[in-house]
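Each chain is listed here by its residues.
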Amino acid sequence: MNGDESISARILRNLDSSALFDAAMVVAVSTLAIVVIEQVTPRLLGHAPRRTQHAVMPLLPLARLLIIVVAIASIVPIIIEPTIQNLIAFLGAAALAIGFALKDYFSSLFAGIVAMFERPYRRHDWIEIGDDYGQVRDLGFRAVQIVTPDDTVVTIPHGRIWENNVRNANDGAGTLLCVADFYLDPRHDAGRARRALRDVAMTSPYLDLARPVVVIVKERPWGTHYRLKAYPVDAEDQFLFTSDLTVRGKDELARLGCAPAAPPPAVATNEG
Amino acid sequence: MGEENGAARAEEEKLWRFVPPHEFSTPSAPAREAVRQGITRFLQRFRSDETPPSLEEAEDPHGAALEDAALHRRLPPFMLEERGARLAEALEAAGGRGMPVVIDPPHAGGREALRHLAAVRGYRIAEAPPRATLLGEPETILATIEALDAQPLVVPALERLFLRTPQSLEALRLLLDRLQERTAPTVLGCGSWAWRFLEEAIEIDVSFQARLVPGPLDAARLHRWFSMPALRCVERSGGVLVGDGPCGDEPPEYLRRLAASARGSAGTARALWGEALRLPPPEEEPEESAAGNEDAEKRPRPDLLVVPWQQLKLPAFPGKAARDDLMLLQLLLLHDGLEETVARAMLPFEPARIGTRLRSLARAGLVACEDGLWHVPPLAYPSVRHELSSTGFWVDGY
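Taken in sequence, the protein lines are chains W and Y. Read in full-length UniProt numbering, the first sequence has 223 at position 223, and its numbers run on one by one without any break. Read in full-length UniProt numbering, the second sequence has 76 at position 76, and its numbers run on one by one without any break.
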């Protein structure tokens, strides 16, 4: 008992009210700084041009991490005697706790740190992890929150990046590639249909004119498959844009007398 | 060599010019003004009110605005004859490189110069059909051109001969083919927004190499233009340019700001200038000392005052612009104005919403309706173009 007391006495400082006050102040200031970064900065940037948002938003988690590291580095010397032995003992105990009790949690934390530097996703990116697709709403330490097209918030631990591929549709850019598919009976003028579909994209008010519009044609056993690929001005318009391309594309193909394909059910099921 | 340099300098100093697109450079604003505009626009984004502020309701502490007739007398003349003559010279110089095209930024006056040229030379003008016709029967425009086959022709506004629809683009391709097959002299005019669109949509720039743009009016040129007889008062009463010192040979900084804001467009600059002109307040009864009265007598009373640049109230977006509004504005710029019914058919929104948005934008002064045609007026153009550009929408090249 006396031995235990002497070990803890050797590691821990005498925590008087002044030390506790200092530690509390560090926690308070750090919390305030994090609140400012997480709440105020996105609101300010919400009114800024999208380019600025994409440049600054990814730095916010990094800034938050920096604040927490500085806060811990400030608090530890207040609580324990900062000798080599004490630090080894402290880190050893922490490693043991992490190894047994909080393995998955800390795995996600480390994955979060890796994600900050590798940037597989950023705030406002459209990403797909596993079966979940949506726009990144928040990047936490442990998890990323996305909002799906059905307006459902999905929280995905960063640890998923160890095992899953991350598909990022816009990778920090303000726009992303949208694809509208058309399936036609093969008996038609393919050149005319292809040009008509390109014109459909060119005449969409959602189109980002500076990026390419591509129409890919592939012959299938049951008909002709057209893929109209184009970029909207804003990634948030992707579903409206794809719908606009689909609706007007169908109208235009009908005007040209192109009949839709009628694939046999078995073939349609196997089609990717 | 010396003569060549002199001729080049004389050409550069002409008030009205038509230059190849690569020689077009937008007048730059003084650095201080650029910073001020940036801060103002940033702060404007935080205004949360949904209803655009009505320009008509705004109080003006700088004196009474001029009535239309008085304003017309004070504004510089359009000088169509000189513009037409400069255009004719430029077309001569650009001859031999195929059919010439005059790319016309909004309100820059290229279209008017083309019409004047046509009138002087006796060319026929290909007038635009009603826009609603282009929606249903876009190939109507072909018949118009074919009817004029053997005659010299000016097409002053290509942007009014098509709509941003697949059928209309198809008809436009045929029209441009027909135009290029013509043997009679033909000059094409095209709005800069339509040109930018057609460059991407049908690669129009590959087919038409001889391109001209109305030369941008920089501060020096604006100074000369605004000092013409109709506005001689500027020269006479140096205090007219409030806060910018007397007019000398050098253009005042005010005009540098104005030229930059108008992006060198004559019509926009003229509208901004007209908006800034005010009648001075009525003279007060003399109550000052004798010495003060003598000073006042020596100082000529200005005929007009100019609102300080920072206090000039121009149409602006109330906070962050809605994307639907920006699409609508872009469409109006692309076609140099549209009827509401045509805009309804072209945009993928609830039709009733188009009318609501147009009237809301009109209250903010960002669009105006003339003879049923909604368009972006010159006073609103700087603000609209900036908003479209800063939100990622494509804009013209000028």
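None of these hints come from the bench; they were simulated from the model. Careful, some of the hints might be misleading.
Residues from chain W that face chain Y, not an exhaustive set, calculated with beta carbons under 10 Å [what the hints assert, rightly or not]:
(1) Arg137
(2) Gly140
(3) Val213
(4) Val217
(5) Glu219
(6) Asp251
(7) Glu252
Bear in mind the structure is a predicted one, so any value in this text is a computation, not a measurement. For every residue, glycine included, the Cβ atom is placed at its ideal position computed from N, Cα and C.
Hints versus structure:
1. Arg137: This hint is violated: Arg137 of chain W lies away from chain Y, its Cβ roughly 19 Å from the closest one there, beyond 10 Å.
2. Gly140: 27 Å, violated
3. Val213: 8 Å, holds
4. Val217: 17 Å, violated
5. Glu219: Since chain Y brings no Cβ nearer than about 23 Å to Glu219 of chain W, farther than 10 Å, the hint is violated.
6. Asp251: 9 Å, holds
7. Glu252: Glu252 of chain W check passes; min Cβ-Cβ to chain Y is 5 Å, inside 10 Å.
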